[in-house]
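Please assemble the complex out of the two chains, which come individually in their own frames, going by the hints.
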Amino acid sequence: MEQKTLKLLIVDDEEYLLNSIARFMKIWGYEFDAVESVDQAITMLNSYQNRKNPYNLVLIDIYMPGKNGLNLVKFIKQNQPDLPCIIMTGFADNNSKKNSYFSGCDNFLPKPFTPQELKFVIEESIRISEHENTKKI
Amino acid sequence: MQNLFNCAKRFVWIADSKGRITAVKNSRPENTGYTKRELSGKSIIRFFPVEEQNKILGYLRLSAKKTRFFFESNLIAKDNSLILCKINLSRIKLSGKIYFMFCFTQNKLEKALYYKMINRIQTNTIDDLILGIMHEINNPNNFLMLNVPYLQSILHSLIPLGENHHKCHPDWKLNGLEWNYIKTDLDVLMNDIYMGINRIKKITSSLTGFFERENVSDNLNVLEVISSSLNEFEEIFQANKIKVDKNFGNLCFIGINGDKKSLKIAVSNIIQNSIESFCPSAIEKSISIAVRLYPASQSLHIIISDTGCGIDQDILFKVFNPFFTTKRDKNQAGLGLYISKYIIKQHGGQIHIESEHGEWTRINLKLPYLTVRKEK
Numbered sequence: 002m003e004q005k006t007l008k009l010l011i012v013d014d015e016e017y018l019l020n021s022i023a024r025f026m027k028i029w030g031y032e033f034d035a036v037e038s039v040d041q042a043i044t045m046l047n048s049y050q051n052r053k054n055p056y057n058l059v060l061i062d063i064y065m066p067g068k069n070g071l072n073l074v075k076f077i078k079q080n081q082p083d084l085p086c087i088i089m090t091g092f093a094d095n096n097s098k099k100n101s102y103f104s105g106c107d108n109f110l111p112k113p114f115t116p117q118e119l120k121f122v123i124e125e126s127i128r129i130s131e132h133e134n135t136k137k138i
Numbered sequence: 135m136q137n138l139f140n141c142a143k144r145f146v147w148i149a150d151s152k153g154r155i156t157a158v159k160n161s162r163p164e165n166t167g168y169t170k171r172e173l174s175g176k177s178i179i180r181f182f183p184v185e186e187q188n189k190i191l192g193y194l195r196l197s198a199k200k201t202r203f204f205f206e207s208n209l210i211a212k213d214n215s216l217i218l219c220k221i222n223l224s225r226i227k228l229s230g231k232i233y234f235m236f237c238f239t240q241n242k243l244e245k246a247l248y249y250k251m252i253n254r255i256q257t258n259t260i261d262d263l264i265l266g267i268m269h270e271i272n273n274p275n276n277f278l279m280l281n282v283p284y285l286q287s288i289l290h291s292l293i294p295l296g297e298n299h300h301k302c303h304p305d306w307k308l309n310g311l312e313w314n315y316i317k318t319d320l321d322v323l324m325n326d327i328y329m330g331i332n333r334i335k336k337i338t339s340s341l342t343g344f345f346e347r348e349n350v351s352d353n354l355n356v357l358e359v360i361s362s363s364l365n366e367f368e369e370i371f372q373a374n375k376i377k378v379d380k381n382f383g384n385l386c387f388i389g390i391n392g393d394k395k396s397l398k399i400a401v402s403n404i405i406q407n408s409i410e411s412f413c414p415s416a417i418e419k420s421i422s423i424a425v426r427l428y429p430a431s432q433s434l435h436i437i438i439s440d441t442g443c444g445i446d447q448d449i450l451f452k453v454f455n456p457f458f459t460t461k462r463d464k465n466q467a468g469l470g471l472y473i474s475k476y477i478i479k480q481h482g483g484q485i486h487i488e489s490e491h492g493e494w495t496r497i498n499l500k501l502p503y504l505t506v507r508k509e510k
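Residue numbers (our numbering), protein chains in the order written: chain L, 2 to 138; chain U, 135 to 510.
Same shape as in the complex, but just chain U (with noise of 0.2 Å):
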């Protein structure tokens, strides 16, 4: 590894005998001190120049046989312009897999295609993980949502039976408290507990949102996308009067290369929050969609912006952090946002937020595009 670290051009990294990366070659510094479960189901992408291809597989077979690294022939590219390295964490009675791949390439189609396939490798990883955490709330959450409405039958019809023991014995208490407040309270008590359970099913189901994928597509057509967004909510806009605004340009087609129920999640949660965040007593309630190209960097950027209450400055950085809301006693989950920067960012995108409070909201949203068809 010493020779690898010593002899490479562009970037090598070391790890002590425990896995941690200690020492950095011509890489990114914030890699280092990673421990292995902080890296578990991590992936790394490097790029190197074609020439230093056989240099480098020489070394990787050399250390391969050294260390714990071992090659994922099933995707090695044939013309070996691709390389993935597992490191097998298993063996050290750690679960989870680190993920190396070695490019030989600067051609920048190629390292697209090369990012989106460590993407889904880490993609899937993390998509097992959430899957296994659903399974194993739903599961027990189950038996309260079946068990807890037998209690509720049970409890009321011993109600009569409690009157009359309460007639006879006035002073009568139940767990310190008497007779008349336990009456009333076994409603809200049940209440709060179903409250409960509905919030931890609501955040599991919000999870969905995570595994939504159809095919991947090389030519969907982002505008499409918004407008079947927005045709979703067409009965909410029209019963709280809020108008829409779209400004499309002259553009009649954008294509990207995506999934289009994944990113219509991601769009479609950008709107419902702008739709949440009007007062219902405001006079003028809009909301406006537009998109913007930018050839020179072949991005893409859709606007969506809301006159509504906005979002206080203090709390702006964290409206993209998982389980946060503002609104928890409509018993919101918080995943919303959440889900769509995961989206977005798995669309090799990007997310930002502007707001001022009280005033409005300005959500952009920017992707990548390929192709560009605009109306004659």
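Isolated chain L, as found in the complex (with noise of 0.2 Å):
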């Protein structure tokens, strides 16, 4: 059987790790968007050709320019709520980690991270939600 190809969003202010994000992305053979803002994120999540062919899981950063990476949580979770989230953040206090889970996200990644450890969260994240789609079928 063929496997399919994962498709990600990532949403992130910050160019140079979208950059360094994307090359793994390409090592991976994920198929992937990157934005820089919550609105784009929105806009890119509601155009025909990606609710034609959805994301698999969204990568998010919490503090970007204009609206919070949580508000996106939110609007995924509303919008889709099997899409699985993934909060990125460098405030990898309590604090921020407590509020990401309140808002819905799927797991949490402080940076810095290994390549490793973002391809373990977004493997974990993408198999969790597959196993709980089947479990509602």
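These aren't lab readings, by the way, just hints derived from the structure by calculation. Ideal Cβ placement from N, Cα and C applies to all residues, glycine included. Among these hints, one or two may not hold up.
Chain U side only, calculated, beta carbon under 7 Å to chain L, not exhaustive [said to hold, decoys possible]:
hint : residue
1    : Asn272
2    : Asn276
3    : Pro283
4    : Tyr284
5    : Leu285
6    : His486
Next up, the structure:
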């Protein structure tokens, strides 16, 4: 059986980090879109093309100019509750962690992280969400 | 302001137009000479007898109109027994605030409460600053952490190409260095970079000790905190054959006002240092924790001593400094004891260290307590 390519949306205002993550997405063979703000992310999520071929996961930074990443998590959980969201942030204190989980994110990845950690969290989140989806069916 | 200076019986400060305190009356002279920037985030608390309340209030209201003082109305107690003034430095293009708390009470308990309040205000300011620094360091460190492994794998895949080229051109040099040297040095170079990245990560993750707080409890059992800190190291004690002596006498409960999680970090950091102080070849390794009460001053002393390698007198005074460590080679950040001291101070306590180089180290934590229960 042919394995389906994963499609990810990455939301971070740090261009350098987007470039770094993008490199690994290419190595791991993931399809991805990278945007720099919450508004751009919402536009991407609502676009016809992406509704037809939806994302498998969203990687979100918390603090960005304009809207906060946690708002995006809330938006996603209201509209596409099955879409796993991973929060990645340089504010690795307990409060940020608590707020992230309260907003509904599936996983919390404190910065700085290694490529292995990133891959592990992505795969784990997708595995868990697929498992939950099959349980629902 | 001059009126206030002349009339006040207790204390008054006078600041020049640039905000620098130039004169103090009946106050600590060390408060003078602070610039606005230096005072940023600092908080000052002073107590007055209740009789002076109206007079001081009047002067403050008057001076609030003329100066940059303004009242933080949310924090004024209902009976006006507490006033929090804030100098807003943002108006003069400087970030930060100075808080002045005027408390009209001579009651010991109320004084303790107000001290706690001002501490909390100060803590929040420091927390924000540290959290901001943490964020600003973590982000760029993430670029390194992601890209260096990528670079390493590319360089490794280029080695066979280099080998082939070297076979054809034995005199080939890169950056003035021979190929054979570069080939073997590549991993050392990468390890050095990883070491740097991990050290930065260790420092920022150690800083989270500042924010680890749960809810402050009025009846936190210190003995339970010590026991749970010791339990954390149980396996390490056994593996390294360290004898642990816990001596609480007949005490079973000492209630203090504090936060369990942060206090546990403070004690654990000290125990961690004790464990690291033992020479692997040492025959006798022992750590003892004793608790003593001093009812006259309502204080308890937690004495943590070890028979480790001790600390040289030349560096003993530096051990509570941030980023001071003798174990840099083991990738230690040098923040453990600094955070312990910070937390103990937050709990209204003090920390003292004594040591004999090559013999022992003893750390004394002094904390105010509220209640005590003894075993019957």
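>> Please list, smallest to largest, the hint numbers that this structure does not respect.
In response: Structure breaks hints 5 and 6.
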